[in-house]
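Trainee: So the protein sequences, as listed, match chains A and B. Residue numbers for the first sequence follow the working numbering, so the first one is 1 and each next one is one higher. Residue numbers for the second sequence follow the working numbering, so the first one is 229 and each next one is one higher.
What the hints contain is simulated information worked out from the structure, not anything from laboratory work. Some hints could be false.
What the hints assert, rightly or not - Quick list of in silico lysine to aspartate or glutamate cross-link-like pairs, EDC-like style, CA-CA up to 16 angstroms:
hint, chain 1, residue 1, chain 2, residue 2
1, B, Lys241, A, Glu174
2, A, Lys140, B, Glu356
3, A, Lys127, B, Asp357
4, B, Lys364, A, Glu104
5, A, Lys136, B, Glu341
6, A, Lys140, B, Asp357
7, B, Lys266, B, Asp243
8, A, Lys13, A, Asp70
9, A, Lys136, B, Glu402
10, B, Lys365, A, Asp81
11, B, Lys355, A, Glu104
12, A, Lys137, B, Glu292
Said to hold, decoys possible - Residues from chain B that face chain A, not an exhaustive set, calculated with beta carbons under 8 angstroms:
hint, residue
13, Ile248
14, Leu339
15, Leu343
16, Leu361
17, Lys365
18, Leu372
19, Gln393
Just so it is clear, CB atoms sit at the ideal spot from N, CA and C, and this is done for glycine as well.
There are 2 protein chains.
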Amino acid sequence: MKILVTSGGTSEKIDRVRSITNHSSGKLGKIITETLLKAGHEVCLITTLQAVKPVSHPNLRIIEIKNTADLLQVMKDKVMDYQVLIHSMAVSDYTPVYMAGFDEIESSQDLTEFLDKKNQETKISSKEDVQVLFLKKNPKIISLVKEWNPNIHLIGFKLLVDVSQEHLIQIARESLEKNQADLIVANDLTQISSEQHKAYLVEKNSFQTAMSKHEIADLLLEKIKSYD
Amino acid sequence: MKILVTSGGTSEKIDRVRSITNHSSGKLGKIITETLLKAGHEVCLITTLQAVKPVSHPNLRIIEIKNTADLLQVMKDKVMDYQVLIHSMAVSDYTPVYMAGFDEIESSQDLTEFLDKKNQETKISSKEDVQVLFLKKNPKIISLVKEWNPNIHLIGFKLLVDVSQEHLIQIARESLEKNQADLIVANDLTQISSEQHKAYLVEKNSFQTAMSKHEIADLLLEKIKSYD
């Protein structure tokens, strides 16, 4: 099958020298990609500069992107041509809009004025003791996937931090429904280390538990076979 | 001589999954370190996870740090034991203090209240359309170096974006004086690429021009010989 995988984490520029980055090593996306390739699938991996990459393979194409706007563009182009999307990339929820010193913000009568402003400087001055950064929400790309290709099998990811298993699975089920996904891989940062990677592969009426990145990849491979 | 080099860029956490990062590949710090080692100097390199590292060498010790607080601690410990500091790391000027939805900020009578707040969540919710991040200024570590070791030879760096040569050199001279530095390497992001790296090595009454990372390293090596 033709499978689109995303991995790594996006970065959103504050100015030419600073960014807000979502952490993601890309290790899981690499293992998933390599597992799919070994099973004979064709993979296009959308990833970021800092993420670790799979070893090259005749059935692998890699596209590097930086930020959410790039990702939206590439996904919109590609989603139509693939049968499965495994969307493991950590995507920035917000993009910096405007940064200013505290005094400028405090003396404003109407804070909404800053939402339409843009910094003119290429490197924002660092003279102020306190700075205030306004950020606006990015489009939720996962929610657009089924509009672009209603037939694609959509596998999403949900990362929370230090929550109960029940809560994690509930949030995954909400994402499943909202994004019309086939499956959500739900994981908790406190249960991810170099030795383990606990995750729940959550479907509408059931879930499976994986204890490592390789187990996640193997379970996803099984699942994808059933989509064929 | 015993030389302390810093390279890479620091990251300041917003929450467990997001950080503000200062971009720096670490390439210049790597070349400077390798040049110094080849000339027989002993180097301790303070750098960051993402930065490229020099090849290992019996006279090289590498210390990895993440954020400005780490850097402050390590520098305070180490500066005393070295004769020269080459401080090429891109250090975050600000650290996130508190992030909140726009409504919470807008309805406040006194914005200073947010400067003492801390986010309780481990992953800040992404429901709001606009978020506002308050950041406070970090201590300027370069300005503390001579307090910790009045005898150290201090070589600082100044990176600006798209300014005139005159302005760049003027800003470098201000930094020279303010931080009691021996030399400031002043460079402009628009003149740095994989092919070139233009920089001015600015001293009180003169400056030298380098056109590549290797030229910067060679000129610094010459300069350090004169300190001995």
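Trainee: Honestly, which of those hints from before does the structure not fit?
Mentor: 1, 3, 5, 7, 9, 10, 11, 12, 18, 19
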